[in-house]
Amino acid sequence: MYEQIASNKFRTVIIMVLFTLMVLLLGYIFGKATNFGPWGFFLAIVIASGSVFTSYFFSDKIVLSMNNAREADPKVYPHVVNSVEGLSIAAGLPVPKIYIMDDPAPNAFATGRDPKHSVVCVTTGLLEKLNRQEVEGVLAHEMSHIKNYDILIQSISVVLVAVIALLSDWMLRRVRWSRMGGRGNGEGGAAGALFLIIAILLALLVPLIAQLMRFALSRKREFLADASGALLTRYPEGLASALEKITDDTHALRTANKATAHMFIVNPFLDLRGTINDMFNTHPPTAERIRILRSM
Amino acid sequence: MALATALIGALLVLLAIAVMYIVFGYNRLVVVRNRCDNAWSQIDVQLKKRTDMIPNLVETVKGYAAHEKGVFEEVAKARSGLMNANGVAEISKADGSLTKALKSLFAVAENYPQLKADAQFRLLQEQIEGMESKIAYARQFYNDNIMDYSNTTQAFPGNIIAGMFNFKQKEYYQVAEADREPVKVKF
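These protein sequence lines map, in sequence, to chains A and B. Residue 1 is where the first sequence starts when you use the working numbering, and the numbers rise one by one after that. Residue 1001 is where the second sequence starts when you use the working numbering, and the numbers rise one by one after that.
Hints should not be assumed to be uniformly reliable.
[As the list claims (entries may be wrong)] Calculated Cβ distances over 12 angstroms to all of chain B for the following chain A residues:
1. 7
2. 173
3. 216
4. 248
5. 290
[What the hints assert, rightly or not] With a cut-off of at most 30 angstroms between alpha-carbon atoms, the simulated DSS-like pairs for lysine-lysine come out as follows:
6. B/1116 <-> B/1062
7. B/1069 <-> A/75
8. A/116 <-> B/1048
9. B/1100 <-> A/75
10. A/75 <-> B/1049
11. A/97 <-> B/1048
12. B/1116 <-> A/129
13. A/75 <-> A/9
14. B/1170 <-> B/1049
15. A/116 <-> B/1062
16. A/9 <-> B/1103
17. A/75 <-> B/1062
18. B/1103 <-> A/75
19. B/1048 <-> A/75
20. B/1049 <-> A/97
[Said to hold, decoys possible] Selected chain A positions facing chain B (Cβ under 10 angstroms, derived; list incomplete):
21. 76
22. 78
23. 79
24. 82
25. 83
26. 85
27. 232
28. 234
Read the hints as simulated data drawn from the structure, not as lab findings. Source: prediction; values computed, not measured. In this text, a Cβ means the ideal position worked out from N, Cα and C, and glycines have one as well.
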């Protein structure tokens, strides 16, 4: 358990560092190849950060209104409330707000910019189909996301991907325009041309690489949340059998869409097998997660 | 001359590093120790909540099973034992006794279907079972912090600083052998 946690945290750092380096490299090369200089880079950061920051800051309110969730009444859902309170004690966190979503598909998510403004949400389908230990395993996984500041990390990685996308887009546009206007107006000579070629190649490849990195990061954080959750309950089998039941259930979650998919405990769009699909998945393959939990 | 100044300079730098190191080490020990104290008070809070619920529970059960004197005595004894206990070892032993006494009480209640149907009893049973779960989590949190504290005070070089400022070892919250069985929660 502890090894899992340590290795996933380490991999997260590696990925974030690579990500940041990539962004800086891109910014530098684009600056050289065009006349934007560093200003294009900063502008991209401002635009990307602005929208992501807003959604991150208000994540608790935004997500709830999107998914028709209501606050859990302790009289109606005493087991869920007790479980969350118990897990908060074990994790040393303030108790998050607890919401219930009406949906027959079993699933759960957590959001909120920090532990003090956090929210945990489960579907009625989850409560009906899982027993108490399985529900507790799922809740522990979600609360681990809160404890590990995964929402913050996800927001940062989305900003980085957006910055890269914006820079690449502008870069390619500049190239097109300068082509149309006759001679290029970047630096003349062989060095300028070389930078231009590198920049175009990067502009095409790097957004793809960035997305793949973002998904890889998301998967590592999911593994980390599994391990942290197991550490909270000291009972990995709870989450393992919950994951089995959830993936056996064939309903697709009614209200999920691409934007919120990454937050749910299991990808609400039914798994498609295949390595390419796995690389673009925000969640690791469930069979893998179950195997790791059962080996703890 | 230059050599002497260079040596003195180097020594001062080393001294500065050593001092900073001690300061950071000390502060870390303080933080970890305070987390232990906080975790302990969590256990205290949960134990008190459970202790407060017990008179109500006993009265409700007495309403239907007044002659089961043995089990009421066991509960009363264990409860006062917990209220008078001091220190980690005593409290954990007393907590174990009380948990066992409550288990006996609920086992006895199984024989009285009218009692089991009583709404007040069911509410108290649910609450106390919820408390047991929270107490277990509080114990776990406390022990996790004790482990962190032990690691910090025993590993090098934390152990030097711990020795310098007299940070004592702390006890884990042990569960007595006889009470190892978890309180089963019915689904």
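Here's how the hints hold up against the structure:
1. 7: The assertion about residue 7 of chain A holds, with a minimum of 19 angstroms to chain B.
2. 173: holds, 51 angstroms
3. 216: holds, 30 angstroms
4. 248: holds, 19 angstroms
5. 290: Per Cβ check, residue 290 of chain A is outside 12 angstroms of chain B; nearest 21 angstroms; holds.
6. B/1116 <-> B/1062: holds, 13 angstroms
7. B/1069 <-> A/75: violated, 33 angstroms
8. A/116 <-> B/1048: holds, 26 angstroms
9. B/1100 <-> A/75: Between residue 1100 of chain B and residue 75 of chain A the Cα gap is close to 28 angstroms, so the pair holds against 30 angstroms.
10. A/75 <-> B/1049: holds, 19 angstroms
11. A/97 <-> B/1048: holds, 25 angstroms
12. B/1116 <-> A/129: Holds. Residue 1116 of chain B to residue 129 of chain A sits at ~27 angstroms (cutoff 30 angstroms).
13. A/75 <-> A/9: Status violated; Cα separation ~38 angstroms.
14. B/1170 <-> B/1049: holds, 25 angstroms
15. A/116 <-> B/1062: violated, 43 angstroms
16. A/9 <-> B/1103: violated, 42 angstroms
17. A/75 <-> B/1062: holds, 26 angstroms
18. B/1103 <-> A/75: holds, 25 angstroms
19. B/1048 <-> A/75: holds, 23 angstroms
20. B/1049 <-> A/97: holds, 22 angstroms
21. 76: Since the shortest Cβ distance to chain B is 13 angstroms, the answer is violated.
22. 78: holds, 7 angstroms
23. 79: Result: holds, 8 angstroms to nearest chain B Cβ.
24. 82: Holds, about 4 angstroms.
25. 83: With a closest approach of 8 angstroms, the residue 83 of chain A hint holds.
26. 85: holds, 7 angstroms
27. 232: Holds - the Cβ of residue 232 of chain A comes within 10 angstroms of chain B, reaching about 8 angstroms at its closest.
28. 234: holds, 7 angstroms
Hint check: violations occur at hints 7, 13, 15, 16, 21; the rest are consistent with the structure.
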